[in-house]
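Chemist: Okay, here's what each chain looks like letter by letter:
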Amino acid sequence: MTEEKTILCEFKVLNKYGIHARPAALLVKTAGKFSCDIFIGQKGAEVSAKSIMGLLTIEGHQGTRLSVRIVGLDAEEALAEIAELFENKFFEE
Amino acid sequence: MAITLKELLESGAERLSLELVWGEGRLDRTIEEKALNRPGLALTGFFQYFAQRRLQVLGLAEFTYLKSLSSEEREARLRGILDKNVPAIIISRNRNPLPELQMLAEEYGTPLFRSTMITSHFINECTLVLEELSAPRDRVQGTMLEIMGIGVLLQGKAGIGKSETALSLIGRGYSLVADDVTEVVRTGGRVMAFAHELTRYHMEIRGVGIVHVPSLFGVSAIRRDAMLDMVINLHPYTNDADEERTGLQPTEIEILGIKIPYFALPVSSGRDMANIVEAAALNYKLKLLGHDAAKELDEKLIGNFLRKTVKL
Numbered sequence: 001m002t003e004e005k006t007i008l009c010e011f012k013v014l015n016k017y018g019i020h021a022r023p024a025a026l027l028v029k030t031a032g033k034f035s036c037d038i039f040i041g042q043k044g045a046e047v048s049a050k051s052i053m054g055l056l057t058i059e060g061h062q063g064t065r066l067s068v069r070i071v072g073l074d075a076e077e078a079l080a081e082i083a084e085l086f087e088n089k090f091f092e093e
Numbered sequence: 001m002a003i004t005l006k007e008l009l010e011s012g013a014e015r016l017s018l019e020l021v022w023g024e025g026r027l028d029r030t031i032e033e034k035a036l037n038r039p040g041l042a043l044t045g046f047f048q049y050f051a052q053r054r055l056q057v058l059g060l061a062e063f064t065y066l067k068s069l070s071s072e073e074r075e076a077r078l079r080g081i082l083d084k085n086v087p088a089i090i091i092s093r094n095r096n097p098l099p100e101l102q103m104l105a106e107e108y109g110t111p112l113f114r115s116t117m118i119t120s121h122f123i124n125e126c127t128l129v130l131e132e133l134s135a136p137r138d139r140v141q142g143t144m145l146e147i148m149g150i151g152v153l154l155q156g157k158a159g160i161g162k163s164e165t166a167l168s169l170i171g172r173g174y175s176l177v178a179d180d181v182t183e184v185v186r187t188g189g190r191v192m193a194f195a196h197e198l199t200r201y202h203m204e205i206r207g208v209g210i211v212h213v214p215s216l217f218g219v220s221a222i223r224r225d226a227m228l229d230m231v232i233n234l235h236p237y238t239n240d241a242d243e244e245r246t247g248l249q250p251t252e253i254e255i256l257g258i259k260i261p262y263f264a265l266p267v268s269s270g271r272d273m274a275n276i277v278e279a280a281a282l283n284y285k286l287k288l289l290g291h292d293a294a295k296e297l298d299e300k301l302i303g304n305f306l307r308k309t310v311k312l
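So the protein sequences, as listed, match chains A and B.
Residue 1 is where the first sequence starts when you use the working numbering, and the numbers rise one by one after that.
Residue 1 is where the second sequence starts when you use the working numbering, and the numbers rise one by one after that.
Incorrect hints may have been included.
To be verified - The calculated PhoX-like cross-link candidates involving lysine-lysine, where the alpha carbons are at most 20 Å apart (straight line), are:
| no. | chain 1 | residue 1 | chain 2 | residue 2 |
| --- | --- | --- | --- | --- |
| 1 | B | 6 | B | 34 |
| 2 | A | 29 | A | 50 |
| 3 | B | 300 | A | 16 |
| 4 | A | 43 | A | 12 |
| 5 | B | 308 | A | 89 |
| 6 | A | 16 | B | 34 |
| 7 | A | 16 | A | 33 |
| 8 | A | 89 | A | 12 |
| 9 | B | 308 | A | 43 |
| 10 | B | 308 | A | 12 |
| 11 | A | 16 | A | 89 |
| 12 | A | 16 | B | 6 |
| 13 | A | 29 | A | 89 |
| 14 | B | 295 | B | 285 |
| 15 | A | 50 | A | 5 |
Claimed, not checked - Examples of chain B residues toward chain A, derived with CB under 10 Å:
| no. | residue |
| --- | --- |
| 16 | 186 |
| 17 | 247 |
| 18 | 249 |
| 19 | 251 |
Bear in mind the hints are in silico, worked out from the structure with no lab data behind them.
None of the values given here were measured: they were computed from a predicted structure.
Glycine included, every Cβ here is placed at the ideal spot set by N, Cα and C.
Construct the complete structure from the given sequences, taking the supplied hints into account.
Modeler: Next up, the structure:
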């Protein structure tokens, strides 16, 4: 049995339009696949990555650095998939 | 799909005040061209471009003209038309069939109808009846409701709660069109839904049995038919389902070749499906009025983000 892990990291928003509805929905869908808790935030205020309305309030425009905190057994797998979304600009442009 | 005279008589008996004068045994004849013709020119002996595959309607003008002729002449002119093997002859304005016409109809085996309607009204209404009879139709699984003017077809596997959701919605004042089995017909680019005649206004509720909706909830709880505006599919809640989370990418399904907006709603304990179906229908109505909430919020966000990006 693997142990529960906490991962802290940071991602930069690369896509032009930021974390608007479509990227937010992608994040929620990805986060929903894992049992771990995922939080995304800015300046200390964080929201669950499984809440679309929450993600829209973090004001993740282009160039913003967002903190990501993942807590759970499958934290590493979740991190890999979330990193892919940010790196690929949420498959926009 | 060709329409038989029998079908025309069945659906036209009331709407068109149509009655059969002669031709009981010939009602299996088909109407090859779903339109009507007034054979005025043909009665004068001019048969070029005569629409012989259509129903022939004799109105006041044709009748008066025929009356002005001698009996032999009248028979000869009418024979010319019946000789073309027209599907049937319809007399409007409740005129008595002329003896020559009746005789020729029997001789040629051409059914003869009569309507009390005036000719122009008859032609308009009969065209509609023919149109409806030949419209593509199908039967689909699902419970049909009308919510604030929006026709909603609820689909989903047996036991998911379609009828229960419908029952809740009826309780809120919306109307049932059909339970579990819905007949659909295409009319002028849209799909009209209604119940099968036999089961109309009834629904089955597990544990209670079959109920008669207007008896329980009053006549405002039912509607004979409604235009199908959206399809809502109820499915069991799963974690990885590819669900629509923003409402920005509407999906559609095709019914009778017409694209209908489609929404998949996950069902889980604690989710009041009637409430959600109602919200979906009202949100769709709002969209029709030109307000797309999801799109408007997204545009606001993007505008906001872009302004900030430039500043940095």
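Chemist: Take the hints in turn and mark each one as holding or not.
Modeler: Verification of the supplied hints:
Distance hint between residue 6/B and residue 34/B is fulfilled; the C-alpha atoms sit about 14 Å from each other, no more than 20 Å. Under the criterion of a C-alpha separation no larger than 20 Å, the hint pairing residue 29/A with residue 50/A is consistent with the structure, at around 7 Å. For the hint linking residue 300/B to residue 16/A, the alpha-carbon distance of about 15 Å falls within 20 Å, and the restraint holds. Simply put, residue 43/A and residue 12/A have alpha-carbon atoms about 14 Å apart, close enough for the 20 Å limit, and the pair holds.
For the proposed pair residue 308/B and residue 89/A, the alpha carbon gap of about 18 Å is at most 20 Å, so the pair holds. Taking the CA atoms of residue 16/A and residue 34/B, the gap is near 58 Å; set against the 20 Å cutoff, the hint is violated. In summary, the hint linking residue 16/A to residue 33/A is not supported, as the alpha carbons are separated by about 26 Å, beyond the 20 Å threshold. For the hint pairing residue 89/A with residue 12/A, the CA-to-CA distance comes to about 10 Å; that is within 20 Å, so the pair holds.
Of the supplied pair hints, the one linking residue 308/B and residue 43/A holds, its CA atoms being roughly 16 Å apart against a limit of 20 Å. The hinted pair formed by residue 308/B and residue 12/A meets the criterion: a straight-line CA distance of about 15 Å does not exceed 20 Å. A threshold of 20 Å between alpha carbons decides the hint, and for residue 16/A with residue 89/A the separation of about 8 Å falls inside it, so the pair holds. About 66 Å separates the Cα atoms of residue 16/A and residue 6/B, which puts this hinted pair outside 20 Å; it is violated.
Between the alpha carbons of residue 29/A and residue 89/A the distance comes to roughly 16 Å, so the proposed pair stays at or under 20 Å and holds. Distance restraint check for residue 295/B and residue 285/B: the Cα-Cα separation of roughly 15 Å lies within the 20 Å cut-off, and the hinted pair is therefore satisfied. For the hint pairing residue 50/A with residue 5/A, the CA-to-CA distance comes to about 18 Å; that is within 20 Å, so the pair holds. Hint status for residue 186/B: violated, given a least beta-carbon distance of 34 Å to chain A, over 10 Å.
Interface restraint check for residue 247/B: the shortest CB-CB distance to chain A comes to about 9 Å, inside 10 Å, so the restraint holds. Because the closest C-beta pair between residue 249/B and chain A is about 8 Å apart, less than 10 Å, the hint holds. A least Cβ separation of about 14 Å between residue 251/B and chain A goes past the 10 Å threshold, and the interface hint is therefore violated.
In terms of the numbered hints stated before, the structure departs from hints 6, 7, 12, 16, 19, listed from lowest to highest.
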